[in-house]
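Note that the protein sequences, when read in sequence, are chains A and B. According to the numbering used here, the first sequence holds residues 3 to 86 in order. According to the numbering used here, the second sequence holds residues 311 to 723 in order.
In silico DSS-like links for lysine-lysine, alpha-carbon gap of 27 Å or less:
| hint | chain 1 | residue 1 | chain 2 | residue 2 |
| --- | --- | --- | --- | --- |
| 1 | B | K555 | B | K596 |
| 2 | A | K7 | A | K23 |
| 3 | A | K56 | B | K369 |
| 4 | A | K82 | B | K423 |
| 5 | B | K369 | A | K7 |
| 6 | A | K40 | B | K369 |
| 7 | B | K486 | B | K555 |
| 8 | A | K13 | B | K430 |
| 9 | B | K589 | B | K696 |
| 10 | B | K451 | A | K40 |
| 11 | B | K596 | B | K696 |
| 12 | B | K423 | A | K56 |
| 13 | B | K358 | A | K13 |
| 14 | B | K358 | A | K56 |
| 15 | A | K23 | B | K451 |
| 16 | A | K56 | A | K82 |
| 17 | A | K23 | A | K13 |
| 18 | B | K369 | A | K23 |
| 19 | B | K430 | A | K56 |
| 20 | B | K430 | A | K40 |
| 21 | B | K430 | A | K82 |
| 22 | B | K696 | B | K620 |
| 23 | A | K23 | B | K358 |
| 24 | A | K86 | B | K423 |
| 25 | B | K369 | A | K13 |
| 26 | A | K40 | B | K358 |
| 27 | B | K451 | A | K13 |
| 28 | A | K86 | B | K430 |
Treat the hints as calculated values from the structure; they're not laboratory data. Remember, it's a predicted structure, so these values are computed and weren't measured experimentally.
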Amino acid sequence: MDKNKIQEELKNIIAIYVPEKEILDNLTLEHDLINDLKINSAHIVDIVLDVEEKYDIMIEDDVIMQMGTIGQAIDVIHGKVQEK
Amino acid sequence: MAPNALGAADFEVALKEGRSGIRFFEESQSLNFRCQIAARPLITDAYKARYFDDYYQNKLENKAIIYACLAGFEAWENAGLSYSNDQIDFDSGMVIGSGALGMDSTTADIWSKIISGNNKRLGSRAIPQCMSSGAAAYLNKILGLGNRVLSNSSACITGTESVLLGYEHLKLGKAKRMLCGSTEGDGIFIWGAFDAMRILTSDSNEDPTNGSRPMCNSRLGFIPGSGSGAMVLETLESAQSRGAKIYAEILGADVNSGGFRDGGSMTAPNSNAVIHCMKNSLHQAKVSSDEIDLISGHLTGTKGDSTEIKNWKKALGCTQDQFPLINTAKSMIGHCIAGAGSIELVATLIQMEKSFVHGNYNIKEVDPDITAEIPLDRIPMKTVDKEINTAIKANFAFGDLNCSIVLRKWQDG
Numbered sequence: 003m004d005k006n007k008i009q010e011e012l013k014n015i016i017a018i019y020v021p022e023k024e025i026l027d028n029l030t031l032e033h034d035l036i037n038d039l040k041i042n043s044a045h046i047v048d049i050v051l052d053v054e055e056k057y058d059i060m061i062e063d064d065v066i067m068q069m070g071t072i073g074q075a076i077d078v079i080h081g082k083v084q085e086k
Numbered sequence: 311m312a313p314n315a316l317g318a319a320d321f322e323v324a325l326k327e328g329r330s331g332i333r334f335f336e337e338s339q340s341l342n343f344r345c346q347i348a349a350r351p352l353i354t355d356a357y358k359a360r361y362f363d364d365y366y367q368n369k370l371e372n373k374a375i376i377y378a379c380l381a382g383f384e385a386w387e388n389a390g391l392s393y394s395n396d397q398i399d400f401d402s403g404m405v406i407g408s409g410a411l412g413m414d415s416t417t418a419d420i421w422s423k424i425i426s427g428n429n430k431r432l433g434s435r436a437i438p439q440c441m442s443s444g445a446a447a448y449l450n451k452i453l454g455l456g457n458r459v460l461s462n463s464s465a466c467i468t469g470t471e472s473v474l475l476g477y478e479h480l481k482l483g484k485a486k487r488m489l490c491g492s493t494e495g496d497g498i499f500i501w502g503a504f505d506a507m508r509i510l511t512s513d514s515n516e517d518p519t520n521g522s523r524p525m526c527n528s529r530l531g532f533i534p535g536s537g538s539g540a541m542v543l544e545t546l547e548s549a550q551s552r553g554a555k556i557y558a559e560i561l562g563a564d565v566n567s568g569g570f571r572d573g574g575s576m577t578a579p580n581s582n583a584v585i586h587c588m589k590n591s592l593h594q595a596k597v598s599s600d601e602i603d604l605i606s607g608h609l610t611g612t613k614g615d616s617t618e619i620k621n622w623k624k625a626l627g628c629t630q631d632q633f634p635l636i637n638t639a640k641s642m643i644g645h646c647i648a649g650a651g652s653i654e655l656v657a658t659l660i661q662m663e664k665s666f667v668h669g670n671y672n673i674k675e676v677d678p679d680i681t682a683e684i685p686l687d688r689i690p691m692k693t694v695d696k697e698i699n700t701a702i703k704a705n706f707a708f709g710d711l712n713c714s715i716v717l718r719k720w721q722d723g
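Please model the complete structure; the sequences and the hints are all you need to start from.
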């Protein structure tokens, strides 16, 4: 699956949890979910659930830790989708 | 947020025309409930969009919390107050109570995931949407109030008590304003559990709007309702300094318990305590019974209605002829449990502001035990125009709790 497509879909998934939506207009791979996008840390688990449902994949707890930035999250999703 | 209206303006119309919010629910029938009718607000996504951002619109599921947020935002806005994402207001707080908040039907998904070994799939919202302080928490996430944020829970007096608690906090000088209200969710868990107590109407499944019959001789029980009411309490100085519209002044309020003594029980109030509570609120208000223009009763449609009338008469210390008008919105909206007190207080304020007394509907024949106490014409069966300067409102709750509040219409100048 194309990483650009994942990025677009991930943007739609996280949008609801991002308090200041303007930042989504210029979303980059380097954006940190918590520090830059100001997503409440409690919502990371909600995003993971939404992602699991969207791609029909399982993301283990220790892998969640590797999803700090948009780029890292895309890599995790891409890897899991490939494994299927 | 009442079962027969969305928002205060619509509620005024609904009260005047006697609009019923009581409906038949197929699910209650399929689950073999004796009472298959109930009353709940019919909230649409379009209505929610007036107040909710996309997160609240899509991720708030617990109806008790949704109702409280909608009522709370409307009350705040109606009071001419605003909020912003980056400011905290230490002069404002809230008391938003709830009843069986964790029993709303939307919690079914939580329990089934846990029971089936899939708790990992719950996400972060299960606890915030089940905790008793959930309604206040989600309201305050948006409003940013920095004073006391309290969630009381006292069954059917929760709403009246929330106002009493806010009033006392302001009287102590600890805040300038308090958003006060209460909420109750709905669905099969709450309705089914009340149904098991054999205290709900069971003869009106095919005639839902006739199911709630407070003070009627044929009444059989209450109809479970849900929803939320909210209002802003403010010190006079603060309200006047910002030119706020003032609906009414709280003259006195009391809350007590019958202590499960002298006839008081989990489900029935101790009449001595009820009278004590009503009298205390009147005494504190320095109001005599002949000044009362309207009683907003508890009057659930259970057999206790006649006892309530006797208690009002004793508390007011009046003769038959001196007894004021009395009404309850429960014929239209059922008994909204923890939401009842706040919704009914909003109804009282609307009637004060617009000078009318809404009808007590569904009465074919008033219980003779009631007409033995008070004249029939004190129980209006349809809406009448009337100036209301002073009103008293009481609710009684499981756990032998009572709360009574005396209000006076605010006259400018």
